[in-house]
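Letter by letter, the chains look like this.
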Amino acid sequence: MGAVTLLLFASVVQAGTVDAREWITRMNAALATRSYDGVFIHAMSGKRQTLRLIHRMENGRMAERLIFANGSGWEVVRNGSEWVAYFPDLKIARVETRNRSWGAMVTLNGLSEDSNRNYEISTAGTERLLGRTAQLVRVDPRDGFRYGYRFWLDQQTAMPLKTQRITRNGEVLEEISFLTLEMRTSIPDELLKPDVDPDTLKWLRPNIHVDKPSLKTGVAPRKELMPPGFRVAFNNPEAEAKGPRTRFIVSDGVNWVSVFIEPADKAQPPPGARPDGVVLMGLSATYVVRQEGYKVTAVGEVPPLTVKSIADAFQPE
Amino acid sequence: MNEQEQISQLSALFDNELPPAQSGMVIRRALKDPALRASWGHYALIGACIRGEPVHAGRLPDVAERVRARLAAEAEHEAASAPALAGYDTAERSRFARYGRGVLGGAIAAGVAIVSLVVVRNMSPLAAVPAVQLAQAGVPAAVTSQPQAQSAVSLVTPVQVAALDGAPPSYTTPVDNSPAAQRFGLPLANYVVAHSEVVASASLSTVMNANYDPTLGAVEMTKDEIGARR
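Taken in order, these protein sequences are the chains called C and S.
Residues in the first sequence are numbered consecutively from 1018, following my numbering.
Residues in the second sequence are numbered consecutively from 165, following my numbering.
Bear in mind the hints are in silico, worked out from the structure with no lab data behind them.
Computed footprint of chain S on chain C; a stretch qualifies when at least three of its residues, placed anywhere within it, have a C-beta under 8 Å from a C-beta of chain S:
#, segment
1, 1054 to 1062
2, 1101 to 1112
3, 1183 to 1192
4, 1211 to 1223
5, 1297 to 1303
6, 1310 to 1317
Quick reminder that beta carbons are idealized off the backbone N, C-alpha and C, glycines included.
My request is simple: use the sequences and hints to build the entire structure.
See below:
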């Protein structure tokens, strides 16, 4: 499979890029198939947190436990598609669903031949991390519509010892940096159980409304208005789907934006919006625009102008 | 001594860089000051994580209480032994004094052993950041301050990022630190949640966001729903 992938890319990309893509493929595979236990520092928006991550892949089923070492007792436990965040200090547990994910660590499963137009994908030598040789792989954005990544991959396992999400100018937005990382052949169930007694908590779930199945889409994406490289990767018009009616996933293969279409009867400028209408929450940017009686909401971990451009690209049919 | 200096001293204690004479003082101060005591437990918890020990949420008070109990026992020992020492000669007093120091030293050693971060210092991949700043950010300097000859990492936020080529960076946009419920309305929170369901990379940074509110846009589950997930 790896060889086939290489052949496909060989005609369109440089040898160094192929090498980098192979490293990313190896990383994706490692994160999807291996079990591991490590402590890392997550840094974002000037804030740093130390966490322990216990990740098990067994018989095709993923389980994961993320423990915050800030004294709060917070934990996030993943079991298949179920995602539960425990907040013992607040006496709360919040249950959500995760449909597509290999866990807390970033994977890049959407790379295509076109990705090279929007990113410079390259290897950049090796460094020593955690006493291991780490291969630096760079996914540098070619413009300001997207964020990029740097991965320091263990040469033996291809596990990301350090990951940075970066801007086009190389500024670091987010960093995940392991202090310890052990690959495990097995992880006992006990290590994946939250410490807190679940009976002492109030259990919450998102109160996501479901619109009427009869709702028509009303607006549709216009490819020529999309930011370069972004296109609809997935559209879920199923009436039974949870969440705001009619969801589009727009992506350039690395950055992902969700677009929701709804009736605009209650569309108001969101509280806290910037002058350009974008609301920022962590790395997530959200933009809402009204189009011919419909509300278009774009949300994603992309630069603010990208969500705005993508939402504006949805026009009445 | 201001709070920053106190935290810095506590950090130095866990780095095993504080002279023994000061260590006892720092420990005593930490036991009197709830904020410093919390920092102590925080460092200990991180140490447990790093050593790969099972982590218990209850460990935080345990550590502080353990040390407090240890010093309380020491105080009781000193109080109890003081009158009894009256009848001993100088050599015997000296031996008791050494024992007393041993108890204190044991408490210090326990604290240092709880967080064996010296090893970690040589593994930390993060950039050098002043210890005081790290302590204020809730991370002990011993964990994060010694990179492996790497350049400093300077984090930026999206509001600091120029949106497009040639566009001036919008450094002037203030970061809104008001509660999420006020600045990030319930409907928008729903979109972020729905987005996180599909996009893996959104999950971690959403929870790590300083303004993340787990109650936002949520309703209490019914008994049936809770039962079904078990």
